[in-house]
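**Student:** Which chain is which? The protein sequence lines are W and L, in order. Everything in the first sequence is counted per the numbering used here, starting at 3 for the first residue and increasing by one. Everything in the second sequence is counted per the numbering used here, starting at 3 for the first residue and increasing by one.
Mixed in with the good hints there might be a few duds.
As the list claims (entries may be wrong) - Below, computed lysine-lysine pairings styled on DSSO-like, alpha-carbon distance capped at 27 Å:
#1 Lys246/L with Lys63/W
#2 Lys37/L with Lys443/L
#3 Lys57/W with Lys57/L
#4 Lys63/L with Lys49/W
#5 Lys57/W with Lys246/L
#6 Lys60/L with Lys57/W
#7 Lys237/W with Lys270/W
#8 Lys143/L with Lys374/W
#9 Lys49/L with Lys37/L
#10 Lys237/L with Lys443/L
Please keep in mind that the hints were generated in silico from the structure rather than gathered at the bench.
Number of protein chains: 2
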Amino acid sequence: MKKIAEVQQTHPLFRQVYEFMTNRMERGEWSAHEKLPSIRLLAEELKVHRLTVFKAYKQLKEDGKVYVKDKSGYYVSPGSSLSLDFEENAVVPSYLLSNPLSEIQRVPAKYQFSQALIDPNLLPNLYLSDYVKKVFDLYPKVMGTYSTVQGDEELRETLSRHFREHHRLQLSPEELLITSGAQQAINLIAKILLGPMDTVLVERPTYSVAMDIFRREGARLVPVDITPEGYDLEKVEALMAKHKPRMFYMNPTHHNPTGYTVPARQRKLLVELAERYRCLLVEDDPFRDMYFGEPPPTPFFAYDTEGWVIYISSFSKYVAPGLRICAVACRFPFMERLITAKSLADNGTPLINQKIFLHYYTSPRLQQHLGKLRIALQVHKEIMEEELAAAGWKWTAPQGGLNLWVKLPDQIPVPELFRLCTEQSIAFVPGEIFDPLGELKSWIRLSYSFANEGQLREGMQRLTALARTL
Amino acid sequence: MKKIAEVQQTHPLFRQVYEFMTNRMERGEWSAHEKLPSIRLLAEELKVHRLTVFKAYKQLKEDGKVYVKDKSGYYVSPGSSLSLDFEENAVVPSYLLSNPLSEIQRVPAKYQFSQALIDPNLLPNLYLSDYVKKVFDLYPKVMGTYSTVQGDEELRETLSRHFREHHRLQLSPEELLITSGAQQAINLIAKILLGPMDTVLVERPTYSVAMDIFRREGARLVPVDITPEGYDLEKVEALMAKHKPRMFYMNPTHHNPTGYTVPARQRKLLVELAERYRCLLVEDDPFRDMYFGEPPPTPFFAYDTEGWVIYISSFSKYVAPGLRICAVACRFPFMERLITAKSLADNGTPLINQKIFLHYYTSPRLQQHLGKLRIALQVHKEIMEEELAAAGWKWTAPQGGLNLWVKLPDQIPVPELFRLCTEQSIAFVPGEIFDPLGELKSWIRLSYSFANEGQLREGMQRLTALARTL
């Protein structure tokens, strides 16, 4: 027994010393053929036992990262040390991974089909401005007050009532956390759930930034195809049995980028699988209210009795996206951990944003706005679809959401089309970016929510004309 | 050469497999005496070579984490597997570390001396509300618009001008990133700079949440004493030479919790040390404008020509803290990495908060407000000091900031006083929390900024009376 106790104390240290040394080499602080500090000096510096440093050097030598010369000491092997200039290197430390979607969207464009955002002109701006003024009269000190870390209690109470009445979700205010946008929610969830080599199931295709976040935590992504019919549940079960994933990140309602919706009958079954295989379902649900015909099926969260679904509801997207208000619903013990992660991340979402959102959200005006917005989005979608049909391209008409997921004819090279379009100030997102396998090379995502009707018509005609030149 | 290339590919996998397995055990997914999957099965599941899994098992066995029984396979050693109920265990995975300061501050109190926040009544609330209404007239679509990830360009331009004119900092708008509060800034900086076993110099005492953040990244903290005279630069140099720290996290102006200010003559010297030892200085500067006599010395950032200072300026604290607006100044290449980290964290701070801050910040009213606020804070401080003097307690009168750092007589046990005070609705923070060494057991932090004058007088009398009973 003594041996076990001893080793458990020293072992994490061994790993830490090892990582410390490889980090220094990877950062170029210890460069190729540089003599490394002696075991004695390094043990002193790191305040660990010399044996631990000796073991780390031994392992580094076995791994070819350091070499021994004339018994005079350890030296850095060439190739172990990377320059700090990370653009020159293929090997980039995971914490520096870039966000390619954000980079594409950063480029301004006249015909903006790369942003899955709602045209600000479709929002009730004047009404919102008037409304905000009332909020300031109601809470004159809101600019001087911090929110609690978990989020404003009045907002959480209102939302828990809303979820109960509209989506049949049984939720107490204690089971809700307010975050600054859905992306922060995904980030916090990844932080508390994922470690190196953990498996995450992701839809294929899926929201690319979520993949960036999971990969940064060292997780491995295993794709689950999403089709207009939903998932292949037998395959999902086989993947859960084989990979024991920590979580399945899903966007099952008016899915981004495809617009598909997972049917009701699959929802209950998948929650049962999640319970059986102890795999958390992370249900990202930002497009629920953007439907064109019937409202979509109830969230997965409604079928969950054991706490295996975390629900991300970022409805501020179509109310007032600039506020960046999102609600995460989950059960104990995950909620406690999420609150701690949130407290370290930013100590709570600004109260003013929460109060503005709360009061607009409970106003009768919201339902009117939503009705009008659905019609406007459907008109947008149909303009885009007319031009796609004229070009003979293929897509599945979505029941909601902000995007069309389009298959181009095989002879059109997407990178070339992308380059031509960028020159002509037309923006879209190559489908490859949404694919965990990096394939799907003849697909593109076209968002119809941001451009106005004239820009949609004109931009799509220009885009399809450019494609014909290829 | 072939060997090196091969090993470099396999080695990170070995570590990842090892961590994957220990994580599963630590989380209790593989429990004590449970039979582990065969090498073949696990290699298939993780899609790695069997030899890599074999090596990981071998290492786990050496470390006493697993044992072999009757040649029938590997089993989890007792003690390697932890229950998911983390409150019962001393060993908590680093990503679940709690934030004790936030927990203390969560408890409501009538005499609130634990919050280093400004009493909302001291802020120009009515004026701010009127002002916000103007901002909405100016930017009617602000609620529907996202900010760029780096932050609103108009705000960054204004702030770079402000820094130039007021603090002699040469800064382009491209060298500024807007974050949601200083805590998010510290978090993003830690994420891009720190890895396991990296050393961080921190002041002793220091802002406890920063320590929580650094520890969560696996860093080791090395304390640098801060006194009314600043740092002992010889000691700092010795620590830099010995530990090669990645960064020194400092709050050198009206320091939290002590209120001390590092003198001008030390600032230039320390920047030189930072350059020489390649140790980034992370200068957290939220209390700069809260001075009582002369304005404080120029920031460290002004002395930096080589890019070794990152400057965190969270001045919204005394303008409109609820907005959570903070600016981080740093040079290439750190800025590029910070922007990527910010894009994954929350995709940008809400534009509305930035625009409100911008317009209030540039209004002539701000300087008037600041002048009044300084006087009010000084009055607050003096009330607290009178009661401390009456009790015979010791402190160094600060030149600014929001806190007094108080040494209690040795016979008063702080945990006992804390318990009594909590019962009587008096809140303060035990000094131990701010100490990287967890000592300083007879010190406490008293914030004079949040309670009003009556509460300060009465609360301090009650607090010192309670101490006399001990």
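**Student:** Hints first: check each against the structure and report whether it holds.
**Tutor:** Hint by hint, here is what the structure shows:
1. With a C-alpha separation of about 23 Å, the suggested pair Lys246/L and Lys63/W falls inside the 27 Å cut-off, and the hint holds.
2. With a C-alpha separation of about 47 Å, the suggested pairing of Lys37/L with Lys443/L is violated against the 27 Å cut-off.
3. A hinted pair counts as satisfied when its Cα atoms are at most 27 Å apart, and Lys57/W with Lys57/L qualifies at roughly 15 Å.
4. The hinted pair formed by Lys63/L and Lys49/W meets the criterion: a straight-line CA distance of about 25 Å does not exceed 27 Å.
5. For the hint linking Lys57/W to Lys246/L, the alpha-carbon distance of about 21 Å falls within 27 Å, and the restraint holds.
6. Among the hinted pairs, Lys60/L with Lys57/W is consistent with the structure: their alpha-carbon atoms are about 15 Å apart, no more than 27 Å.
7. For the hint linking Lys237/W to Lys270/W, the alpha-carbon distance of about 16 Å falls within 27 Å, and the restraint holds.
8. For the given pair, Lys143/L sits about 18 Å from Lys374/W by alpha-carbon distance, which is consistent with the 27 Å threshold.
9. Distance check on the hinted pair: Lys49/L and Lys37/L sit about 21 Å apart at the alpha-carbon level, within 27 Å; holds.
10. At most 27 Å may separate the alpha-carbon atoms for a hinted pair to count; Lys237/L and Lys443/L meet this at roughly 24 Å.
In summary, the one numbered hint that this structure violates is 2.
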